[in-house]
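Numbering (our numbering), first residue to last: 4 to 117.
Check before you lean on any hint, since a few could be wrong.
Just the calculated beta-carbon pair ranges, DEER-fashion [as the list claims (entries may be wrong)]:
{"#": "1", "residue 1": "S73", "residue 2": "A47", "range": "15 to 21 Å"}
{"#": "2", "residue 1": "R67", "residue 2": "A96", "range": "18 to 24 Å"}
{"#": "3", "residue 1": "S94", "residue 2": "S59", "range": "22 to 28 Å"}
In short, the hints are calculated from the structure, not lab data.
Note that CB positions come from ideal geometry on N, CA and C, so glycine has one too.
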Amino acid sequence: CNAGYSGTVSATTASPFFTSTCSAVACPTNSAGVDIPTGCSCNAGYSGSVSAITTSPFYSSSCRPVACPSNSAGSPVNTVSAGCTCNAGYSGAVSAVTSSPFYTSTCSNVACPA
Numbered sequence: 004c005n006a007g008y009s010g011t012v013s014a015t016t017a018s019p020f021f022t023s024t025c026s027a028v029a030c031p032t033n034s035a036g037v038d039i040p041t042g043c044s045c046n047a048g049y050s051g052s053v054s055a056i057t058t059s060p061f062y063s064s065s066c067r068p069v070a071c072p073s074n075s076a077g078s079p080v081n082t083v084s085a086g087c088t089c090n091a092g093y094s095g096a097v098s099a100v101t102s103s104p105f106y107t108s109t110c111s112n113v114a115c116p117a
């Protein structure tokens with residue numbers, strides 16, 4: 004089978020002279036798309052890429068969660084995909100996106116009261 008497909012191709016004596024059980028492999032965890040051959044991309048809050056290969060599991064994925072940006076933290080895991088909130092003394096929000104740096108952050112200092 005071609006890269007991104009699982010299954011087998013066997014020779015036969017009748018036209019079309021082969022049988023195939025090749026089927027497209029689904030996008031792996033932490034990625035989205037139709038399937039591996041059509042293309043998968045890392046989910047929002049993850050960096051990396053997904054590419055088709057010819058050996059099991061028929062894809063190579065480097066999708067990894069991005070750490071929370073400055074002035075924010077996540078619990079129990081300090082990653083954008085798990086959810087980040089602005090630290091004490093800061094106001095705003097952190098959102099996961101699909102383009103670098105894979106988050107938007109509006110966390111900014113809160114002014115001291117007068």
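> Which hint numbers does the structure go against, in order from smallest to largest?
Replying inline: Per hint list: single violation, 3.
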